[in-house]
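**Student:** Residues per chain, in single letters:
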Amino acid sequence: MSRIAACYAACAEARRSVLIPFITAGDGGADKTLSAMQALVRHGADIIELGMPFSDPMADGPVIQKACERAIAAGMTLRGVLELVREFRRGDQSTPIVLMGYMNPIERYGHNEFARDAAEAGVDGVLLVDCPPEEAESIQAILASQQIDQIFLIAPTSTEQRIASICAMSSGFVYYVSLKGVTGAASLDQAALAQPVASLRQHTRLPVAVGFGIKSPVDAVTVAAHADAVVIGSALVECLRQADDVAVAAADFLRPIRAALDDRAAAVTA
Amino acid sequence: MQKSTNRLDNIPDAWQFGQNLNQQPDSAGHFGDYGGSYVSETLMASLDELKKSYLRWRQDPEFVRRFARDLKDYVGRPSPLYEARRLSESIGGARIILKREDLNHTGAHKINNTVGQALLAEFMGKKRVIAETGAGQHGVATATIAARLGLECVVYMGEVDIQRQAINVFRMRLLGAQVRSVDSGSKTLKDAMNEALRDWVTNVDDTFYVIGTVAGPHPYPMLVRDFNSVIGRESREQMQQQYDGLPDALVACVGGGSNAMGLFYPFINDPDVAMYGVEAGGEGTDGTQHAASLGGGRPGVLHGSRTYLLDDDAGQIRETHSVSAGLDYPGVGPEHSWLKDSGRAHYVSVTDQEALQAFHQLTRLEGILPALESAHAIAYATRLAATMSPEQTILVNLSGRGDKDVHTVAALEGIEV
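Respectively, the protein sequence lines represent chains A and B. Read in order, the letters of the first sequence are residues 1 to 270 in the working numbering. Read in order, the letters of the second sequence are residues 1 to 417 in the working numbering.
Everything labelled a hint here was simulated from the structure, so no lab data went into it. Glycine included, each C-beta is placed from N, C-alpha and C at the ideal position. It cannot be assumed that every hint is accurate.
Unchecked claim - Covered by chain A, according to a simulated footprint, are these stretches of chain B (three or more residues, beta-carbon under 8 Å):
1) 39-45
2) 195-207
3) 393-407
Unchecked claim - Quick list of the computed label-pair ranges, beta carbon to beta carbon:
4) 367(B) <-> 242(A): 56 to 66 Å
5) 225(A) <-> 287(B): 20 to 30 Å
6) 159(B) <-> 79(A): 43 to 53 Å
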C-alpha cells in the first residue's frame, strides 16, 4: 500500500481528519523548510504538501507568489526540492509527501528523470496545477510507472462530465478547490461546499481533500464536516515568513487547528 | 436608396475569417507538439465555453456582418499597401512593400483582434472584459472597443511597463479603463498575463479575457490568429490586383506573434511565398539580453500552452530584454513553434541597434515613423532585400505606428523632449 493510501486508511480507522499543511520549498532557505516540515509532522500534519517554486505561478495568490520569488532568490530548484525530500525521509519514513507546482520546471528536468528521481527521493504524489487531465496522459503514465500518484484538482466550475473523467484518472486522493480564485483568496464559502463534495463522491471512492482559502481552525472544522482532508497553505506560509523560529511558528500555527479537528471528530463520534 | 442588408455576400472576401486552411490546431488546440490548454482546472470549463461560442458565432451571419462592418467603419480597413520606393532604392535589391496596419484606428494591428473578441464577449453576454498589456497597444485597443460597446474594462500592466509607457496608460484611463499595476515577478508583460489569468479565475462567470496575442491556452491562439488574418487576406488580394502576383517573401516581427500570424496564415498554402518572423535580438542572442524565444529558446510550458520559451536550467522563466516593449516576452504563440519545426516559416532576429537604425531609415526616407516592434521587421526586410533582385517583392507588415515610441527613442539618444 502506498504511503498516501496507508495514511488515509489509518486516519479513517481512527476517525481523524487528515491535515495537509502546504509550504513552499526553499522559502527562507532549505534548512528552514526542513525544520518546518519536521515541526508540522510533530504537531499534527498527516501529509506534507511541498510547493515547487516557479517564476510564474499563475494560479497562486500574492502570498505564495512572493514565497516562490524568495525561494528562487535563495537558490531553490527542482533538484533542490528533491534533495530536501531525501533529507526529510532520513528521519521520517511514513509521512506522505505531495509536490505541488507547475509544468515547466519538470519539462526542463525531463519527465522520466523527474519521476525516477522523485520516487527515489521518497515523493508520494505530484499535483501539477497547470496540467489538467487533457494534457496529463503522458506524464501520468510516467509517474504511475514509479508508483507516484498524480493528484488532480476539481473546481467549482468543473462540469459533471469533467468531474467524472478527472475522478477516473485520479489516484491517491482528489483535491477539490473550494472557491473560484487563486490560493489564499478571500474566504471559504461553507454553504457552497456540501453539495459539490457530495456529488463528486458519487464518482470516486478516493478520499477528498479540500483547499484554497482555508485560514483558521474554524475554517478547518467547516471543511472537515464534508471532506476527508483539509489543506492549509497561504495562511501558514505567511505565518512562517514572519517567524524568527519556523519550527516554533509552525507548531504554534498547526496545534490549534489539529485540536479543533480532533475536538470535532470526538464530538461527532460521541 | 437601398439599406445595407444582413447578407454575407455583401462582405468582401477579405473580411471572412475562421476558415481552417491547414487543419491546425486539432480539436484540443494542439499544433503538432505545441499549444494545448495548460491551465488550472477552474478555467477549463470557461475555455470550453469560449471555444464552443467562437465556433458557433463565427458562422453566424449577424456576427460576421458586425465584425466586417466594424473593421471597415471603425478600424478603417482595408489598410493600404504602400511601396517604399526610396527605401528599396537605397538598398538596391527587392521591392519593399508595406502593409499599413499603422493606419488602423489606435495605430496598430491589435484592434483587429480586440474588435473580434469584444464582439464575441457581447454575443456571449459578458459585461466585463480584462486584458494584459506590455507596450500598452493591446490595452488601448481593448479599452477602445470596451468604450464603444459599453463594457467594463480592467487592464493589467507591469509596473515597469507603466513607467515606460505613461502615455498609453493615460490613454486607457481616458477611455474609461481601469489600469492595474502588477508588481510581481519581473513586473512586465508576462507578469501582467499571470495577473489577468488570476483575475479571470476569480471572476470567471461574468468576465471575458481578451488575450492580445496568439499565445495562451486553446482556443486563444486560434481565434486571435483568425481575427488578425484579415491582414493576410487583404494583402493577398491587394498584391494580386496591384502587383499581378503574390510577394516572394513576407516579413513580420514576432513577440507573441499575432501580427505575423495574421499576415502569414492566408499564405500558408502558397509554398512559393517565403515567411520570415523577426524576433527581438536585444543586445545579441548569444547573451541573455534578448527576447528571441524561437531563435534562442527551447520548448516548455508557459501561460497555458506548450511552446518555445526562454528559461534557465531549472525551468524558471527568464527575464527578457528588448528596446521594444511589445516584443519583450519570453514565450511565443504555439503555432509559430510549429511553423518553425515544420520549416514553413523562418525565424530570425535583429538587435536593438538594427531596429533603431531602421526606425530612422524609414522615417527619413519614407516619412513613416514605425513602431519599434515593426522597425524590427523593416530592419530584417532591408537585410533580405539586399540578397534579392529588383524583380522580386517583399511584403512587410508595418504593424504599428511609432508615435508611442518617440520618448523611448529620444531617451536612448540622450535627447530631452
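**Student:** Compare the structure with each hint and give your call.
**Tutor:** These are the hints, each one checked on the structure:
1. 39-45: holds (count 7)
2. 195-207: holds (count 7)
3. 393-407: violated (count 0)
4. 367(B) <-> 242(A): 56 to 66 Å: holds, 60 Å
5. 225(A) <-> 287(B): 20 to 30 Å: Because 57 Å falls outside the window, the suggested range is violated.
6. 159(B) <-> 79(A): 43 to 53 Å: violated, 31 Å
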